[in-house]
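Spelled out from the first residue to the last, the chains are:
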Amino acid sequence: MANAPALCCEGLVKRYGSVLAVDGLSLTVNRGECFGLLGPNGAGKTTTIEILEGLLDPDAGRVEVLGLTWASHERELRQRLGIQLQETQLSEKLSVRETLRMFRAFYDEGRTVDELLALVDLGSKADSWVGKLSGGQKQRLALACALAGNPDIIFLDEPTTGLDPQSRRQLWDLLSRFRTGGGTILLTTHYMDEAELLCDRVAIVDSGHVIALDTPQALIAQLGAPRVVTHQGTLEDVFVSLTGRHLRDE
Amino acid sequence: MTSKRAESGAASPLVELTLARLRLFLREPEAMFWTFVFPILMSVAMAVAFPSGGAMRVLVGIAPGQVASPLGRALASTSGLVVKEVAATDELRALREGEVHLMIVPGNPPTYRYDETRDESRLAKFVVDDVLKRLAGRVDPWTASEDRVRVAGSRYVDWLIPGLVGMTIMGTGMWGLGFSIVQARMQHLLKRLMASPMRKRDYLLAQLVARLAFLAPEVVVPLGFGILVLGVPFNGSVLALASVSIIGALAFGALGLLAASRARTIEAISGIMNVIMLPMWVLSGVFFSSANFPEVAQPFIRLLPLTALVDALRSVVLDGASLSMQASRLMILAGWTVVPFALAVKFFKWR
Numbered sequence: 025m026a027n028a029p030a031l032c033c034e035g036l037v038k039r040y041g042s043v044l045a046v047d048g049l050s051l052t053v054n055r056g057e058c059f060g061l062l063g064p065n066g067a068g069k070t071t072t073i074e075i076l077e078g079l080l081d082p083d084a085g086r087v088e089v090l091g092l093t094w095a096s097h098e099r100e101l102r103q104r105l106g107i108q109l110q111e112t113q114l115s116e117k118l119s120v121r122e123t124l125r126m127f128r129a130f131y132d133e134g135r136t137v138d139e140l141l142a143l144v145d146l147g148s149k150a151d152s153w154v155g156k157l158s159g160g161q162k163q164r165l166a167l168a169c170a171l172a173g174n175p176d177i178i179f180l181d182e183p184t185t186g187l188d189p190q191s192r193r194q195l196w197d198l199l200s201r202f203r204t205g206g207g208t209i210l211l212t213t214h215y216m217d218e219a220e221l222l223c224d225r226v227a228i229v230d231s232g233h234v235i236a237l238d239t240p241q242a243l244i245a246q247l248g249a250p251r252v253v254t255h256q257g258t259l260e261d262v263f264v265s266l267t268g269r270h271l272r273d274e
Numbered sequence: 056m057t058s059k060r061a062e063s064g065a066a067s068p069l070v071e072l073t074l075a076r077l078r079l080f081l082r083e084p085e086a087m088f089w090t091f092v093f094p095i096l097m098s099v100a101m102a103v104a105f106p107s108g109g110a111m112r113v114l115v116g117i118a119p120g121q122v123a124s125p126l127g128r129a130l131a132s133t134s135g136l137v138v139k140e141v142a143a144t145d146e147l148r149a150l151r152e153g154e155v156h157l158m159i160v161p162g163n164p165p166t167y168r169y170d171e172t173r174d175e176s177r178l179a180k181f182v183v184d185d186v187l188k189r190l191a192g193r194v195d196p197w198t199a200s201e202d203r204v205r206v207a208g209s210r211y212v213d214w215l216i217p218g219l220v221g222m223t224i225m226g227t228g229m230w231g232l233g234f235s236i237v238q239a240r241m242q243h244l245l246k247r248l249m250a251s252p253m254r255k256r257d258y259l260l261a262q263l264v265a266r267l268a269f270l271a272p273e274v275v276v277p278l279g280f281g282i283l284v285l286g287v288p289f290n291g292s293v294l295a296l297a298s299v300s301i302i303g304a305l306a307f308g309a310l311g312l313l314a315a316s317r318a319r320t321i322e323a324i325s326g327i328m329n330v331i332m333l334p335m336w337v338l339s340g341v342f343f344s345s346a347n348f349p350e351v352a353q354p355f356i357r358l359l360p361l362t363a364l365v366d367a368l369r370s371v372v373l374d375g376a377s378l379s380m381q382a383s384r385l386m387i388l389a390g391w392t393v394v395p396f397a398l399a400v401k402f403f404k405w406r
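Chains A and E, in that order, are what the protein sequence lines are. Note that the working numbering gives residue 243 to position 219 of the first sequence, counting from 1, and the numbers run on in steps of one. Note that the working numbering gives residue 362 to position 307 of the second sequence, counting from 1, and the numbers run on in steps of one.
These are calculated hints, taken from the structure and not from any lab test. Only a predicted model underlies this, so the values are computations on that prediction, with no experimental measurement involved. Keep in mind that a hint or two might mislead.
Claimed, not checked - Straight-line distance between alpha carbons at most 25 angstroms, and here's what the computed SDA-like set of lysine to any residue pairs gives:
| # | chain 1 | residue 1 | chain 2 | residue 2 |
| --- | --- | --- | --- | --- |
| 1 | E | LYS401 | A | GLY78 |
| 2 | E | LYS246 | E | PHE93 |
| 3 | E | LYS59 | A | LEU44 |
| 4 | E | LYS255 | A | LEU79 |
| 5 | E | LYS246 | A | ASP83 |
| 6 | A | LYS149 | E | ALA346 |
| 7 | A | LYS117 | E | PRO164 |
| 8 | A | LYS117 | E | MET249 |
| 9 | A | LYS117 | E | LYS188 |
| 10 | E | LYS401 | A | LEU44 |
| 11 | E | LYS404 | A | LEU44 |
| 12 | E | LYS255 | A | THR70 |
| 13 | E | LYS401 | A | ARG99 |
| 14 | E | LYS401 | A | GLU98 |
| 15 | E | LYS188 | E | PRO164 |
| 16 | E | LYS59 | A | ARG39 |
| 17 | E | LYS59 | A | ASP83 |
| 18 | A | LYS149 | E | PHE80 |
| 19 | E | LYS246 | A | ALA236 |
| 20 | E | LYS255 | A | VAL154 |
| 21 | E | LYS59 | A | THR70 |
| 22 | A | LYS156 | E | LEU79 |
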């Protein structure tokens with residue numbers, strides 16, 4: 025099991041009533057890799073990542089995380105994964121330190137609360153209420169909660185949506201450092217620059233299945249986009265050519 | 056980089072979850088109001104409504120201009136009786152609203168106009184009848200000697216205060232737990248917690264434990280006010296009172312957890328809470344004795360948690376009952392703790 029990929033899923037299907045949110049999706053994420061799920065809103069990114077996180081049961085398909093299944097090793101997996109959800113609002117009237125203490129308490133082993141505060145550069149905000157933090161600071165706190173147990177893999181669902189450019193760069197730095205330490209990242213995003221900068225490989229998801237999967241560079245090269253000084257091909261171009269739509273289309 | 060939990064700056068999950076709940080409660084002004092200020096206001100209202108030692112006054116209505124008549128003067132000189140002039144056109148309204156308990160319509164003999172379904176009106180009839188017949192020259196064959204005793208704890212207010220304490224324990228437990236859980240579910244905090252290795256049971260237990268932290272002022276403030284200001288007797292032991300309060304709070308905490316186990320909106324949880332609590336406000340004998348309900352309903356009423364709690368509190372406070380004397384009530388409350396908690400753990404929706 026030590027050599028098993030970080031994440032592996034095959035033929036995932038998830039229906040919500042008559043809507044097919046995930047339609048036979050398969051992918052493998054290697055250890056130490058940063059893997060991006062790219063796609064427009066409603067493509068099935070969040071449903072997919074929540075199935076991989078063991079928060080949703082698929083209607084069909086198989087999931088293995090670190091070579092283990094959710095059904096047989098949920099407790100062990102929870103200790104080894106760090107998760108950031110897209111829509112979580114942490115309690116506004118708890119301080120940053122109190123929030124971290126609570127999340128740290130759930131893990132048998134991990135960083136100390138002070139280490140976590142330093143890691144995400146929130147030491148000066150330790151005693152501020154969560155409600156008083158900026159958007160970027162809240163996202164860094166959410167990341168610190170995900171990192172509390174020294175996870176092998178972190179899952180991030182649109183970690184930088186709605187952040188200003190400086191906050192986004194700060195978060196990218198933190199993710200790069202986690203990679204350097206050997207960690208695996210699975211993230212969803214609809215920012216092209218984010219995927220190009222952070223991800224070793226990306227899967228472009230549309231209508232619940234993977235329509236392209238490769239390194240960002242290869243995807244751009246396959247497109248044959250003109251590489252002139254004024255216009256370098258981007259993942260945005262790849263997406264538009266594959267789906268005929270822009271990624272931010274709603 | 057890696058350290059055990061003991062050196063991490065965090066305590067055990069149950070302790071941290073309980074602390075988080077307590078902090079959130081203390082930082083919520085509205086919750087503080089309901090828990091600490093409301094019982095005091097309620098007690099003050101009681102003190103105003105039931106001035107100490109006051110026997111009920113009989114309010115009698117007579118036609119305008121009759122106050123100075125022999126009849127009016129005889130009535131007015133009777134202690135505990137208040138005479139009011141009420142116009143004939145206004146009689147029914149005055150009776151309906153309790154402004155007067157009985158109207159005397161002059162005549163020979165006079166007519167008493169009153170609602171015989173009202174206790175205070177029936178009392179007024181006897182008092183007025185006695186006064187008027189004496190005035191007319193009735194001679195009593197004999198007069199009984201009266202031995203007036205005051206039995207401590209026999210007034211309505213003595214009976215009411217333990218009931219109010221029970222009602223507060225119910226309300227705080229259910230609203231407090233229900234709202235905070237539904238709010239955590241609405242902001243997807245429950246889902247985030249489920250994505251961590253937190254044990255579900257720890258979360259639910261922490262809510263119950265934190266709820267007990269505020270039990271003491273809830274019980275002590277209204278009861279202390281009743282004892283010190285209203286002269287309510289306290290015949291039981293503090294230990295018995297504490298035990299009954301704790302098990303009652305646990306029962307309603309567990310019911311609050313169950314009520315909130317699936318609700319997704321504040322409207323939904325409010326509706327569920329009202330459905331659970333309203334019948335008990337009426338049936339469980341907080342404001343009037345549940346003995347008023349038919350015999351067939353009594354076994355059911357006795358099984359309600361608020362009935363068990365209120366009856367147990369009254370027995371402790373007024374009769375000085377020990378815990379062993381009310382084992383069955385405590386068993387009922389224990390059942391209302393264990394079963395709803397187990398169901399809440401089973402049905403709880405974390406998303």
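Here is how each hint holds up against the structure:
1. LYS401/E / GLY78/A: Distance of about 18 angstroms is within 25 angstroms: holds.
2. LYS246/E / PHE93/E: violated, 33 angstroms
3. LYS59/E / LEU44/A: violated, 44 angstroms
4. LYS255/E / LEU79/A: With Cα atoms ~14 angstroms apart, LYS255/E and LEU79/A stay inside 25 angstroms; holds.
5. LYS246/E / ASP83/A: holds, 20 angstroms
6. LYS149/A / ALA346/E: Between LYS149/A and ALA346/E the Cα gap is close to 60 angstroms, so the pair fails against 25 angstroms, i.e. violated.
7. LYS117/A / PRO164/E: Between LYS117/A and PRO164/E the Cα gap is close to 74 angstroms, so the pair fails against 25 angstroms, i.e. violated.
8. LYS117/A / MET249/E: holds, 20 angstroms
9. LYS117/A / LYS188/E: violated, 72 angstroms
10. LYS401/E / LEU44/A: violated, 29 angstroms
11. LYS404/E / LEU44/A: Answer holds: LYS404/E to LEU44/A is near 23 angstroms, not above 25 angstroms.
12. LYS255/E / THR70/A: The given pair, whose Cα atoms are some 23 angstroms apart, holds under the 25 angstroms limit.
13. LYS401/E / ARG99/A: Holds: LYS401/E and ARG99/A sit about 18 angstroms apart, inside 25 angstroms.
14. LYS401/E / GLU98/A: holds, 18 angstroms
15. LYS188/E / PRO164/E: Given that 25 angstroms is the threshold and the Cα spacing comes to 10 angstroms, the pair holds.
16. LYS59/E / ARG39/A: violated, 41 angstroms
17. LYS59/E / ASP83/A: violated, 38 angstroms
18. LYS149/A / PHE80/E: Given that 25 angstroms is the threshold and the Cα spacing comes to 22 angstroms, the pair holds.
19. LYS246/E / ALA236/A: At roughly 31 angstroms apart (the allowed maximum being 25 angstroms), ALA236/A and LYS246/E break the hint.
20. LYS255/E / VAL154/A: holds, 24 angstroms
21. LYS59/E / THR70/A: Judged against 25 angstroms, a Cα distance of about 33 angstroms means the pair is violated.
22. LYS156/A / LEU79/E: holds, 15 angstroms
Hint violations for this structure: numbers 2, 3, 6, 7, 9, 10, 16, 17, 19, 21, all remaining hints satisfied.
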